[in-house]
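Single-letter residue listing:
There are 2 protein chains.
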Amino acid sequence: MTTKIKAFGNKAAEADLVPLQIERRVAGPKDVNIEILYCGVCHSDIHTARNDWKNSVYPVVPGHEIIGRVVAVGSEAKNYKIGDLVGVGCLVDSCRTCPSCNDGLEQYCENGWIGTYNSPDKHLDGTTYGGYSTSIVVDESFVLRIPENIDLKGTAPLLCAGITTWSPLKHWNVKKGDKVGIVGLGGLGHMGVKFANALGAHVVMITTSPSKAEDAKSLGAHEVLISTNEGEVQKHLNSFDFILNTVPVANEMDPYISMLKRDATMVMVGAVEPLKPFHGGGIILGRKRIAGSLIGGIKETQEMLDFCGEHNITSDIEMINMQDINQAYERVIKADVKYRFVIDMESLKN
Amino acid sequence: MTTKIKAFGNKAAEADLVPLQIERRVAGPKDVNIEILYCGVCHSDIHTARNDWKNSVYPVVPGHEIIGRVVAVGSEAKNYKIGDLVGVGCLVDSCRTCPSCNDGLEQYCENGWIGTYNSPDKHLDGTTYGGYSTSIVVDESFVLRIPENIDLKGTAPLLCAGITTWSPLKHWNVKKGDKVGIVGLGGLGHMGVKFANALGAHVVMITTSPSKAEDAKSLGAHEVLISTNEGEVQKHLNSFDFILNTVPVANEMDPYISMLKRDATMVMVGAVEPLKPFHGGGIILGRKRIAGSLIGGIKETQEMLDFCGEHNITSDIEMINMQDINQAYERVIKADVKYRFVIDMESLKN
Chain R
1 MTTKIKAFGN
11 KAAEADLVPL
21 QIERRVAGPK
31 DVNIEILYCG
41 VCHSDIHTAR
51 NDWKNSVYPV
61 VPGHEIIGRV
71 VAVGSEAKNY
81 KIGDLVGVGC
91 LVDSCRTCPS
101 CNDGLEQYCE
111 NGWIGTYNSP
121 DKHLDGTTYG
131 GYSTSIVVDE
141 SFVLRIPENI
151 DLKGTAPLLC
161 AGITTWSPLK
171 HWNVKKGDKV
181 GIVGLGGLGH
191 MGVKFANALG
201 AHVVMITTSP
211 SKAEDAKSLG
221 AHEVLISTNE
231 GEVQKHLNSF
241 DFILNTVPVA
251 NEMDPYISML
261 KRDATMVMVG
271 AVEPLKPFHG
281 GGIILGRKRI
291 AGSLIGGIKE
301 TQEMLDFCGE
311 HNITSDIEMI
321 NMQDINQAYE
331 RVIKADVKYR
341 FVIDMESLKN
Chain B
1 MTTKIKAFGN
11 KAAEADLVPL
21 QIERRVAGPK
31 DVNIEILYCG
41 VCHSDIHTAR
51 NDWKNSVYPV
61 VPGHEIIGRV
71 VAVGSEAKNY
81 KIGDLVGVGC
91 LVDSCRTCPS
101 CNDGLEQYCE
111 NGWIGTYNSP
121 DKHLDGTTYG
131 GYSTSIVVDE
141 SFVLRIPENI
151 DLKGTAPLLC
161 AGITTWSPLK
171 HWNVKKGDKV
181 GIVGLGGLGH
191 MGVKFANALG
201 AHVVMITTSP
211 SKAEDAKSLG
221 AHEVLISTNE
231 GEVQKHLNSF
241 DFILNTVPVA
251 NEMDPYISML
261 KRDATMVMVG
271 AVEPLKPFHG
281 GGIILGRKRI
291 AGSLIGGIKE
301 TQEMLDFCGE
311 HNITSDIEMI
321 NMQDINQAYE
331 RVIKADVKYR
341 FVIDMESLKN
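Chains as they are written, first to last, in this note's numbering: chain R, 1 to 350; chain B, 1 to 350.
Just so you know, the hints here were simulated from the structure itself, not pulled from any lab data. Certain hints may be false.
One copy or any two copies: either way a pair holds, since identical chains are not told apart in the list.
[Claimed, not checked] List time: in silico BS3-like cross-link candidates among lysine-lysine, alpha-carbon distance up to 30 Å: (1) LYS349 / LYS175; (2) LYS170 / LYS6; (3) LYS78 / LYS30; (4) LYS153 / LYS349; (5) LYS153 / LYS78; (6) LYS122 / LYS235.
Please read these numbers as outputs of a predicted model, since none were measured by experiment.
Extracted from the complex, chain R is given alone in its bound form (with noise of 0.2 Å):
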């Protein structure tokens, strides 16, 4: 059984986002029903609006940074009620049996997971809608408990920005007094300077802009480094215990490979693309890494989640109705956005 309900997206690419209605499945047993307040704009929408990765299966319904309030319950749901504020991500299921589910990193899944939105719907035989819509409906093993005390329109770019930086961060280990570098200040590196701050680092923002380390500082850098400028990386050779690469570009990685220390790690979260030449004496001599890191799963979103609620952290955004998405799109790609649009879907109600 389906529910008709209003959404925005694009039925190919090309064309601007406008209003839809798409059907969404009554829940079931296992299933929450959210009515959805806020949605974050992620840059992965673009991308999928457009079709830049040769895998939109059209009418798309981008989101995944999704805030709303529980408005039913499936009988057999137990961890929420109606009234209760939750969160949905970049997943809505995986297969939940395979090694990496059963480690609690379903975005791993090996038998494939299943998106927020364009992804094969199992239970509408089509393919899963996001968040730029009224509501949606998850199965309860997905949706996030939002604390009550922290900005809720913030909190939305914390399902995918936040968690991107948030799990290489914490798998790596960062520990207060460590030396972390964030590579880029946009959506993915304010954060990456917020949560490295708060988990006690030494927080050095490495970017190739001079015009933007004021902001960085006040986000929590405590220091600035300018990549371009050599006699910067000079001074900082082999001392970074780790660095989190969020340019969503690829970008040159031998200045940053020659300021990790020994057996430290480079983990790049943006650039899904080919990445930039390195040279193999830098990673051989220091018996240095690089890695890649994706979102991350449930579990440990919902202790990112945690640490906000108690650490009071959310994102610098920029709200904006729903009818402004196409010129929002336009910012996001010339990264004229400090550092996230945040759809209000009250405007798409009305």
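Add chain B to chain R, keeping to what the hints say.
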């Protein structure tokens, strides 16, 4: 005080190696004076002799896979006595005070380790000379004990080719039952196959040359995978616990990365040049890792030699006389050797 000894080396790039006389220090209180019996031929010898790395100081006397017998010991040297079988690898000194030296990882000495050849020599205020020579004087802290039971000629390459592959296999904890890929079957790769097999791993030789399959199996590979065959790569997707990439030049990384399990690592030990670009998505999906590794420290080199004594492991070699070195270099460059040349130093003494 110095003594003049016979050596083979060259006085300029482009010139063939020829007989030279060089000065060695007379053994100081902590030194061991070693009569050299055998010396392996490493590709680095050629790079240095020919100034490929633009850091050669002539005359160059190459050689850092040295096997010999102790002929004199200093008054304070406690670990060796006259007649002991010993080895000298790539390092003859380091700062001994930095964190890496304190961790027994002199090869990552943060103040710069002293190479067996072509490094500044604090004793003679000149440049260190390597093992293409009748004898060498080395501080006992950088001398290795050679098991008496194994073939001495085949032991020489363990001091560089051996430890370069042993160190990453041990550091990344390769163990019984792991599926381990060894990329490239040369001086390094053939040792990687032997060690991974002896550690109990399921060893897959990964090569672009089908002609190497039989040799790889006789060395200990359980399977051979032709990496240019897309179908074979597909069969091994996400299945390797560890891959050791020994190819000495930049090589296609994406197929290897695609075969790593989640959280697994490919370690590069051969290519000291800009690596080929690989796809960011390849490491992000599966939290995979690329790392480098450089030879090994003194402690782990001794552990490797002891392991080789217990398991009767040596390199497969081809013996040459010192006078054949220039032809041998040409064959190394063409990868026309199974799998390492070793110089019988008796030929230099005559």
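Each hint tested on the structure:
In this assembly of identical chains, LYS349 and LYS175 lie within 30 Å of each other by CA distance neither inside one copy nor across copies; the values are 44 Å within and 59 Å between. For the homomeric pair LYS170 and LYS6, neither the shortest alpha-carbon distance inside one copy (38 Å) nor that between copies (57 Å) is at most 30 Å. Proximity of LYS78 and LYS30 under a CA criterion of 30 Å is satisfied intra-copy only: 8 Å inside one chain copy versus 73 Å between copies. Proximity of LYS153 to LYS349 under the C-alpha cut-off of 30 Å is restricted to the intra-copy arrangement: shortest distance 17 Å within a copy versus 82 Å between copies.
Within a single copy, LYS153 and LYS78 get their C-alpha atoms as close as 26 Å, which meets the 30 Å cut-off; across copies the closest is 70 Å, which misses it. Proximity of LYS122 to LYS235 under the C-alpha cut-off of 30 Å is restricted to the inter-copy arrangement: shortest distance 27 Å between copies versus 54 Å within a copy.
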